[in-house]
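Residue-level listing of the chains:
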Amino acid sequence: MKIRGIAQAIAEGIRQEMERNDRIVVLGEDVTYWGAVFGFTMGLFEKFGRRRVIDTPITEQTFMGIAVGAAAAGLHPVVSLMFVDFLGAGFDQMFNHMAKNYYMSGGQFPMPVTVITAIGGGYGDSAQHSQVLYGLFAHLPGFKVVIPSTPYDAKGLTIKALRDNNPVVIFGHKLLTGLPFLPFEGIEEEVPDEPYEIDFGKAAVRREGSDLTIIATALMVHRSLKAAEMLQKEGISAEVIDLRTLVPLDEETIVKSAKKTGRVLIVDEDYMSYGMTGEVAFRIQAKALSNLKVPIARLAVPDVPIPFSEPLESAVIPSVNSIYNEAKKLVH
Amino acid sequence: MIIKPEPSPKDLSFFIENAGLKPSDLLNMYKKMVTIRYFEESIKKVYHEGKNPFNMAAGIIRGEMHLSIGQEAVAVGSLYNARDEDAVISTHRPHHHAIAKGVDLKALAAEIFGKATGLCKGKGGHMHLFDRTKNFACSGIVGASFPQAAGAAFAFKYLGKDNVAFAFAGEGAANHGTFAETLNIASAWELPLIIIIEDNKYADSTPKSLVMSTTFHYQRGLAYNVPSYLVDGMDVIDVYSVVKKAAERARKGFGPTLIEALTYRYVGHFEGDGEEYRTKEEVEFWSAVDPIRRLENRLLKLNYADNDILAKLREEARREVQEAINFAMNSPYPDPSEAFRGVFA
Ligand SMILES: Cc1ncc(C[n+]2csc(CCOP(=O)(O)OP(=O)(O)O)c2C)c(N)n1
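Line by line, the protein sequences give chains A and B.
At position 255 of the first sequence the residue is numbered 255 (full-length UniProt numbering), and the sequence of numbers has no breaks.
At position 11 of the second sequence the residue is numbered 11 (full-length UniProt numbering), and the sequence of numbers has no breaks.
To be clear, the hints were calculated from the coordinates, so they are not data collected in a lab.
The structure displayed is predicted, hence computed values, not measured ones.
Note that the Cβ used here is the ideal one computed from N, Cα and C, for glycine as well.
Among the hints, a few may not be true.
Here are the simulated distance ranges between beta carbons [what the hints assert, rightly or not]:
id	chain 1	residue 1	chain 2	residue 2	range
1	B	Ala-180	A	Ser-105	26 to 32 Å
2	B	Leu-300	A	Asp-92	30 to 36 Å
3	A	Gly-88	B	Glu-316	25 to 31 Å
4	B	Asp-84	A	Arg-283	52 to 58 Å
5	A	Glu-190	B	Ser-337	43 to 49 Å
6	B	Lys-161	A	Gly-74	28 to 34 Å
Using the sequences and the accompanying hints, generate a full structural model.
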């Protein structure tokens with residue numbers, strides 16, 4: 001089946017797993033009529049009804065806690081956190097309980113919960129609706145952090161998450177959803193009809209190259225690929241790696257690529273400091289320092305909230321041009 | 001759906017007198033409500049320019065847009081007597097509250113357009129409007145207004161000021177823990193806080209009946225010993241008279257009040273909303289009690305104004321709104337370097 005963007009692919013993955021496993025229930029704000037706003041639960045209400053696809057009141061803390069309790073009692077909740085920015089309103093149940101109860105209980109209470117949330121800016125939704133924040137989740141032990149950038153990956157990673165006995169947070173970038181009311185920078189691609197899994201902790205090499213490595217996630221993968229094409233026109237060959245999951249992180253693939261090219265640019269739409277870029281850079285230098293020809297470079301949101309006005313927003317979110325410029329600096 | 005029946009002219013005069021309202025007050029309220037309506041209709045029009053096919057990032061105004069068309073009486077009735085120093089914490093649907101609080105129309109429009117002349121230099125946008133001079137703030141995070149307004153009320157009390165803090169929120173927001181937690185603290189500490197729930201029946205696409213254990217939120221206030229009232233949010237006089245008493249009590253140190261106003265948004269949750277969650281009949285039902293037309297009819301019936309006076313007020317409102325929109329249109333965008341300034345004070 002041809003699928004445009006990740007939203008329908010995620011919804012399709014959930015649908016197929018719900019058919020197989022009647023312990024999966026979907027919870028969250030506006031998951032019925034609006035498919036969780038960004039389409040991640042579209043069509044599920046029509047298919048499974050309100051017994052399994054349930055609109056909650058606006059109560060993030062409590063419905064995250066309900067997911068914790070329900071998972072401990074044998075269900076597999078799929079919980080929609082509409083925008084990742086609303087995380088603050090429910091974070092205690094997530095980071096002190098959902099992420100830790102399995103460990104703290106000495107393995108007595110597995111926590112099979114899949115949280116799906118929308119991330120990213122670039123369309124003028126300002127500081128409380130445009131963040132990425134996956135670094136926060138990756139920082140906390142106990143969450144698996146999944147960031148699909150293509151429909152094929154989105155379906156396979158979602159199915160994997162729904163078969164996982166741990167809390168998995170899936171971050172869907174709004175500009176990759178393929179919904180008609182948002183700009184689309186993702187791809188349309190052929191996706192197998194039958195269920196399939198994509199393993200966590202396996203980065204995808206989206207483009208092979210020899211002069212430098214660009215490491216990215218989500219929207220930044222697509223922007224990096226465009227930048228790589230521009231670089232190619234100038235005879236610079238860039239390898240582009242899509243991390244796909246931050247936890248577990250595929251150290252092997254990034255270290256191998258860094259060793260091969262000797263130059264690394266890490267691109268992130270999350271805030272710069274204490275974020276994904278720092279973590280990935282550390283891992284590379286620890287295992288490939290002697291292969292590096294220049295210091296590792298990074299491009300991310302420069303530690304300011306995402307501003308509303310277009311010229312301001314464009315100034316802080318990495319663009320194809322800024323990736324291209326940073327990459328070029330590494331080579332020359 | 002509880003809408004109070006339209007009173008006879010004699011009863012209506014009694015209500016008006018009882019609320020301490022003069023004809024000039026009602027004309028001022030009318031003008032404010034009309035200004036809000038024109039402002040929102042103008043924003044709606046500009047918002048959709050360049051967005052066909054609909055795309056949030058395209059056009060002159062970007063991002064989400066939540067309009068309050070239909071809810072004007074709640075904002076104007078609540079804030080008619082509010083002082084500049086009284087705090088108002090609004091929501092993701094903030095324009096009507098901002099205008100009713102007296103926020104400058106031009107700076108408001110310019111912020112929504114993302115211009116350098118906007119209230120927040122273009123950094124906030126439609127959901128994040130801040131005006132220090134009018135003590136006005138809002139948040140795109142649902143449920144955030146309750147504790148922040150309680151905080152302002154706490155500061156007023158601490159500093160010995162006789163100011164009031166207003167928290168606006170939707171009926172959806174009031175399901176949030178912050179609502180219950182704030183009611184408890186405000187009651188225990190006797191804070192000069194007025195919580196106004198605008199019940200427009202839906203939180204996004206979710207009907208309140210599907211997610212609420214009670215029919216009304218004011219019932220919850222009673223459980224915390226907070227005087228709580230249900231008012232007709234399509235009737236500016238009803239809203240005004242209840243909020244006025246609440247404010248008087250709060251200023252004298254008698255603590256918080258919860259007011260739930262039944263109202264309706266004639267437009268979708270956000271612009272671009274397909275509205276598949278509600279029926280046409282329902283929208284028509286509520287359109288029949290349009291708060292502006294209702295007030296207009298009353299003013300005419302009571303001979304407080306004739307058609308010419310009302311037309312003049314509408315014309316003034318229209319001109320002010322047009323000037324604000326023009327100002328916003330013609331203002332410059334902020335310099336990109338502005339993005340990097342102002343993280344810390
Ligand atoms: C903490 C949080 N959760 C969810 C949202 C998404 N959201 C924005 S508006 C809204 C519905 C609000 O409904 P209500 O409080 O009734 O106000 P109304 O829109 O009806 O004015 C939701 C769920 C949000 N902004 N913040």
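Right, here's what the structure says about each hint:
no.: 1; hint: Ala-180(B) / Ser-105(A): 26 to 32 Å; result: 29 Å, holds
no.: 2; hint: Leu-300(B) / Asp-92(A): 30 to 36 Å; result: 55 Å, violated
no.: 3; hint: Gly-88(A) / Glu-316(B): 25 to 31 Å; result: 43 Å, violated
no.: 4; hint: Asp-84(B) / Arg-283(A): 52 to 58 Å; result: 55 Å, holds
no.: 5; hint: Glu-190(A) / Ser-337(B): 43 to 49 Å; result: 45 Å, holds
no.: 6; hint: Lys-161(B) / Gly-74(A): 28 to 34 Å; result: 55 Å, violated
Checked against the numbered hints listed earlier, the structure breaks hints 2, 3 and 6; every other hint is satisfied.
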